[in-house]
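There are 4 protein chains.
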Amino acid sequence: MRAAVIHAARDLRLDDVPEGELGPDEVRITFGAGGICGSDLSYYGKGRVGDFAVRRPMVLGHEVAGTVLETGRAVAGLAPGMRVAVDPSRPCLSCADCREGRGHLCRDMRFFGSAARDPHVQGAFSERFVARADQCVPVPDTVPMRVAATAEPLAVALHGIRRAGELLGRDVVVAGAGPIGLLLVMAARLAGAARITVTDLAEEPLRIAREIGAAETIRVGQEPDGLARYEADRGRFDVALEATGAPAALASLFRVVRPGGRVVQIGMMPPGDVPVPVNRLMAREIDFVGSFRFGAEFRTAVALLASGRIDVAPILSAEMPASDLPAAFALAADRTRAIKVHLRF
Amino acid sequence: MRAAVIHAARDLRLDDVPEGELGPDEVRITFGAGGICGSDLSYYGKGRVGDFAVRRPMVLGHEVAGTVLETGRAVAGLAPGMRVAVDPSRPCLSCADCREGRGHLCRDMRFFGSAARDPHVQGAFSERFVARADQCVPVPDTVPMRVAATAEPLAVALHGIRRAGELLGRDVVVAGAGPIGLLLVMAARLAGAARITVTDLAEEPLRIAREIGAAETIRVGQEPDGLARYEADRGRFDVALEATGAPAALASLFRVVRPGGRVVQIGMMPPGDVPVPVNRLMAREIDFVGSFRFGAEFRTAVALLASGRIDVAPILSAEMPASDLPAAFALAADRTRAIKVHLRF
Amino acid sequence: MRAAVIHAARDLRLDDVPEGELGPDEVRITFGAGGICGSDLSYYGKGRVGDFAVRRPMVLGHEVAGTVLETGRAVAGLAPGMRVAVDPSRPCLSCADCREGRGHLCRDMRFFGSAARDPHVQGAFSERFVARADQCVPVPDTVPMRVAATAEPLAVALHGIRRAGELLGRDVVVAGAGPIGLLLVMAARLAGAARITVTDLAEEPLRIAREIGAAETIRVGQEPDGLARYEADRGRFDVALEATGAPAALASLFRVVRPGGRVVQIGMMPPGDVPVPVNRLMAREIDFVGSFRFGAEFRTAVALLASGRIDVAPILSAEMPASDLPAAFALAADRTRAIKVHLRF
Amino acid sequence: MRAAVIHAARDLRLDDVPEGELGPDEVRITFGAGGICGSDLSYYGKGRVGDFAVRRPMVLGHEVAGTVLETGRAVAGLAPGMRVAVDPSRPCLSCADCREGRGHLCRDMRFFGSAARDPHVQGAFSERFVARADQCVPVPDTVPMRVAATAEPLAVALHGIRRAGELLGRDVVVAGAGPIGLLLVMAARLAGAARITVTDLAEEPLRIAREIGAAETIRVGQEPDGLARYEADRGRFDVALEATGAPAALASLFRVVRPGGRVVQIGMMPPGDVPVPVNRLMAREIDFVGSFRFGAEFRTAVALLASGRIDVAPILSAEMPASDLPAAFALAADRTRAIKVHLRF
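Residue numbers (the working numbering), protein chains in the order written: chain A, 1 to 345; chain B, 1 to 345; chain C, 1 to 345; chain D, 1 to 345.
Among these hints, one or two may not hold up.
[To be verified] Just a sample of chain B residues kept apart from chain C, beta carbon distances all over 12 angstroms, derived:
{"no.": "1", "residue": "Asp51"}
{"no.": "2", "residue": "Asp97"}
{"no.": "3", "residue": "Arg102"}
{"no.": "4", "residue": "Ala296"}
[What the hints assert, rightly or not] If the Cβ cut is set under 7 angstroms, some of the chain D residues that face chain B in the computed set are:
{"no.": "5", "residue": "Leu168"}
{"no.": "6", "residue": "Gly169"}
{"no.": "7", "residue": "Leu190"}
{"no.": "8", "residue": "Ala191"}
For the record, the hints were derived by calculation from the structure and aren't laboratory data. What you are looking at is a predicted structure, and each value in this text was computed from that prediction instead of being measured. All C-beta atoms in this analysis are idealised placements derived from N, C-alpha and C, irrespective of residue type, glycine included.
The whole structure should be built from the sequences, with the hints applied where relevant.
Structure, rendered in structure tokens:
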């Protein structure tokens with residue numbers, strides 16, 4: 001069976017790998033569509049994501065949907081032929097974090113296509129893959145595979161919105177119009193944000209931001225005052241969502257968030273220490289919080305996609321065959337040409 | 001009337017100043033006791049607190065208690081001879097922050113002895129001073145003036161504890177055993193923290209920390225592993241309270257707070273930008289929040305002092321006459337000899 | 001000047017009343033439109049709202065918008081000719097409730113057209129009326145007066161939604177499709193509720209509920225199982241909004257809310273004691289909370305109406321001249337024919 | 001092996017029962033001490049707890065501690081001879097409630113000695129009993145078995161305090177000075193409540209309430225005004241904890257809780273529908289919330305007992321041999337003579 005295997009930085013191969021074994025509570029799934037994520041690109045480009053380096057060959061991929069091929073003997077509620085979105089998270093369910101509702105921070109998490117543990121947890125960019133039954137959420141036939149595969153990054157955005165607190169009638173700024181940034185715009189709008197401002201270095205993603213409901217977009221570095229126009233009177237935004245991982249973007253947000261407001265770091269992991277204006281954080285009582293992965297939001301994401309309340313079509317840039325692996329990754333990495341690129345096998 | 005007036009860095013004088021006028025809703029108070037705060041020391045030592053420079057002579061002092069001498073004609077509930085703790089905050093009451101319960105972040109705040117506005121708001125280190133009636137909270141005769149004057153820094157600590165979230169049964173680390181750090185220990189213990197660890201550079205304040213209930217103290221730089229012993233298994237503390245303003249202390253806290261935990265910056269304003277491990281903040285979903293001044297906690301502080309549930313005696317180092325102004329400020333600035341020094345007139 | 005004055009139950013007259021005096025921080029407003037509220041109908045029908053009986057003549061009306069005619073000398077930001085939605089709340093701003101962000105529960109509240117105090121606070125169903133400047137929120141010319149006047153009940157609904165907690169992706173049931181019930185549907189949808197079920201005794205309001213986004217409506221007493229279909233497996237809804245004031249409706253909601261869910265009482269004041277299944281409230285850890293009036297949500301409501309994110313057109317039933325007072329109140333009271341009826345002078 | 005088996009109302013026998021089988025992740029425990037709970041008394045007195053009737057013989061008991069006798073092959077961290085407090089909860093860990101941090105509301109909960117399911121889950125009043133390893137929390141040798149067995153009701157109280165929200169500096173009223181009521185007093189005091197008022201029908205438990213820190217006790221029916229003295233000015237208490245299950249007690253609490261305050265139903269299950277002043281709940285925006293069992297609070301309880309921060313000695317009334325089963329239950333049911341009675345085998 002073919003799979004997209006990362007060996008080292010810039011060394012991504014379409015290898016022949018053995019099929020996974022099927023446990024009693026597991027399901028074998030035929031690959032439908034898989035989105036290339038920023039972390040996949042980071043493994044590809046740098047051989048690592050943050051502190052987690054690829055130390056042995058690892059199948060990439062964690063934004064996937066497919067069709068059930070085979071079910072373990074203890075599986076109920078799923079049957080061959082069913083179409084499913086697959087949650088890449090497999091928390092232990094029994095540690096204190098899991099028991100207290102923080103399963104997404106489980107110390108023993110097994111997350112598809114991640115080098116955080118060694119041996120690495122294999123990903124799902126392969127002709128077939130195995131998941132625990134509770135990772136699989138059925139999707140109606142009306143939902144295309146690419147849309148179903150978007151449940152994962154949408155869940156990331158929904159979780160970020162939950163970390164942002166109440167948004168009804170609030171003014172929100174989103175730094176970064178990549179896939180997560182744009183999904184944050186959709187989710188913030190769904191949560192009733194009154195007015196959403198989006199910043200980015202590139203024009204094309206900002207065009208999409210406006211299309212999906214941003215009231216205003218700012219092209220960083222191109223507009224003389226940029227966000228600075230909002231610095232007066234101790235800040236204008238109730239909530240800022242930082243989805244670039246760039247220290248300069250984070251710094252700009254702290255200048256425009258009002259006293260008692262909230263800054264959320266989400267989606268892109270910044271590189272180690274970042275200068276933060278802690279004097280402002282203190283004097284304005286700003287909450288600066290991290291958002292990481294998701295929990296129950298995965299099922300919410302599937303429901304929102306199935307009902308059409310969230311329409312991800314504007315960010316689906318291309319679908320390419322796994323045989324074009326290098327081209328697909330190159331396109332996914334080019335922010336002027338693509339937001340979200342999917343693979344098919 | 002004599003008052004402690006700051007003119008510039010290192011230029012603090014006992015000047016003769018005119019009495020303030022008494023408005024209809026105001027009260028004239030005879031000075032009882034006044035604590036020297038870190039911000040008073042900063043005005044004295046550097047002529048500024050953070051971004052706020054002394055641009056014209058200003059009476060210092062905002063941790064004060066005294067005896068009502070005279071009441072404006074519209075004042076009810078206060079009468080000459082009553083002993084009061086005085087809340088130095090005078091928010092506008094009508095802006096959006098005030099209306100939404102964030103009066104302590106009021107954009108039009110008048111806070112005793114602060115150069116944040118220009119003209120500066122005069123402080124209360126003077127033989128007599130004027131306050132709005134709603135700033136005055138009566139204290140029983142059994143509460144010494146010095147204790148009553150401690151309501152202000154205790155309110156700062158109580159507000160920080162509120163910003164820290166629920167502490168019942170939690171493990172807490174406090175960085176810094178200055179006045180605010182020690183009051184945080186008292187307040188965290190009152191809020192039911194299970195186990196409190198305190199760090200400081202000096203031994204004497206740590207001795208007091210143990211006396212008032214810290215389970216463990218760590219002398220930073222003197223103990224080989226210091227807080228590092230708590231870094232394993234992704235952090236041990238539920239909540240960290242940073243009360244030093246020192247970047248190194250903040251950095252150490254981010255290494256020992258568990259996933260889903262909380263870091264509060266309080267009491268000491270750090271100098272501008274501070275490196276923060278935003279990757280860890282994100283991957284562990286840590287909340288990093290500022291705590292600034294206080295609101296309703298002032299009345300709570302007075303009640304806790306009056307009922308004896310909080311006993312501040314261990315931090316009351318000395319009471320000195322205003323005529324010894326330089327000596328009093330020198331003592332207050334020497335952390336090996338003093339925690340909280342009070343003035344009397 | 002003519003005004004709609006309630007004298008006793010069923011005794012509502014178009015009286016000639018003197019103009020109010022204009023204080024320095026006040027504004028005189030020419031009546032634009034005023035919605036007849038359930039409490040106006042209660043004063044009219046029963047001479048009382050809950051415990052508050054009409055003891056002397058009182059001008060009714062608190063859902064109003066108009067045009068500034070004259071401003072007091074201390075008023076800034078408002079000028080003759082400006083169109084404003086008027087918040088009927090005038091909290092004292094200085095009590096503990098006001099200072100702690102609960103100004104809408106102020107013990108010294110002066111609310112337009114309310115007999116809660118004696119002397120009563122006069123309402124705004126009059127050719128002209130006086131309001132404090134901070135009660136007036138400018139509205140663009142594009143917003144019809146009737147729509148601007150709907151800011152008040154929309155604020156009630158928005159506050160209820162805030163009391164309901166996070167709704168993003170949640171399943172919500174609304175009991176009652178009167179004006180508040182329908183505005184709750186709009187607000188819950190705006191807040192991202194996944195699926196909204198609405199119940200009522202009458203078909204016409206349920207038709208409107210479907211029009212504005214309810215996924216399902218249930219005509220109580222007409223459908224064999226009604227909400228009962230959702231009782232299985234310990235309840236299906238995350239949040240229930242009770243907007244009828246009817247004990248039977250409340251009881252039905254407790255049967256269909258899931259463990260850890262929330263029931264909000266809003267809009268209609270139930271008559272004194274109501275049987276509540278406290279055993280279920282306890283064993284399922286349900287939160288049963290009250291929602292009363294609103295605070296900052298008034299400004300949010302105006303902004304949502306001005307931007308078009310909330311479209312109240314479907315609930316605007318009729319606009320009638322004050323000279324037809326009895327007919328207007330009769331129409332407003334007939335739920336089969338009208339949702340929200342407005343007066344004009 | 002002998003065990004205390006309930007057959008029907010008033011039919012409690014010391015039967016000979018077979019030992020339970022030991023699963024790989026389970027532990028066999030020698031009974032140390034077991035507290036008789038209100039629900040044990042209800043099974044004994046009425047053959048039921050609320051809706052849950054005893055339909056077949058069931059071993060009672062869920063407040064237990066003991067010594068590890070034998071461990072299953074997959075058990076780590078526990079060894080024969082270790083003393084443990086045993087959490088009677090065994091949630092499924094995989095349902096939505098468990099995953100979202102509400103494991104104590106798990107729809108598939110197996111709780112020791114409960115007839116909520118059929119077949120019933122057997123309890124632990126037996127010479128030996130089996131528990132899953134994750135139910136067992138080691139306790140130091142310094143903690144007597146009776147104290148360790150009190151971790152369970154203390155966990156109930158701690159969970160109730162968590163449901164009550166922040167208590168630091170708050171005024172609290174507790175209705176009912178039974179075991180849960182008194183543990184609530186301890187826990188509320190630990191959480192920093194400023195002033196605690198306790199009501200009960202009997203004098204002896206109120207004496208203990210004062211001993212453990214209640215500022216005031218009110219003997220209901222004996223004092224002319226009782227709680228009524230606190231009804232003025234729209235209520236005085238921030239939080240009310242209802243631990244009697246008596247409708248009259250609940251009603252009295254709604255009259256003395258301030259606007260924006262909170263009422264928690266805990267410990268005793270009221271009989272079905274109870275009249276609630278929903279008009280007051282609405283107009284004062286009171287939160288009325290249920291508290292049921294506990295989750296992570298069990299480990300917190302053990303830690304607080306082990307560190308001595310909570311001293312339950314004042315409520316430990318007697319320890320009796322299982323051979324005196326009827327006498328022990330009779331004593332436990334007599335509130336004038338006993339608060340908490342323990343069994344030993």
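Taking the hints in turn, this is what the structure says about them:
The beta carbon of B/Asp51 sits about 27 angstroms from the closest Cβ of chain C, which is more than 12 angstroms, so the claim that it is off the interface holds. For B/Asp97, the non-interface assignment is contradicted: its Cβ lies about 10 angstroms from the closest Cβ of chain C, within the 12 angstroms cut-off. Consistency note on B/Arg102: stated as away from chain C, yet its beta-carbon is not over 12 angstroms from all of that chain's, at 7 angstroms minimum. Not every CB of chain C is more than 12 angstroms from the CB of B/Ala296 (nearest about 6 angstroms), against its label as outside the interface.
Taken as an interface hint, D/Leu168 checks out: its beta carbon lies about 5 angstroms from the nearest beta carbon of chain B, inside 7 angstroms. The restraint placing D/Gly169 at the interface with chain B holds, with a minimum CB-CB distance near 4 angstroms, inside the 7 angstroms limit. Restraint check, D/Leu190 versus chain B: the minimum CB separation of about 4 angstroms is within 7 angstroms; hint holds. Contact between D/Ala191 and chain B, as hinted, is supported at the beta carbon level, the nearest pair being about 5 angstroms apart and thus within 7 angstroms.
The earlier numbered hints that this structure contradicts are 2, 3, 4.
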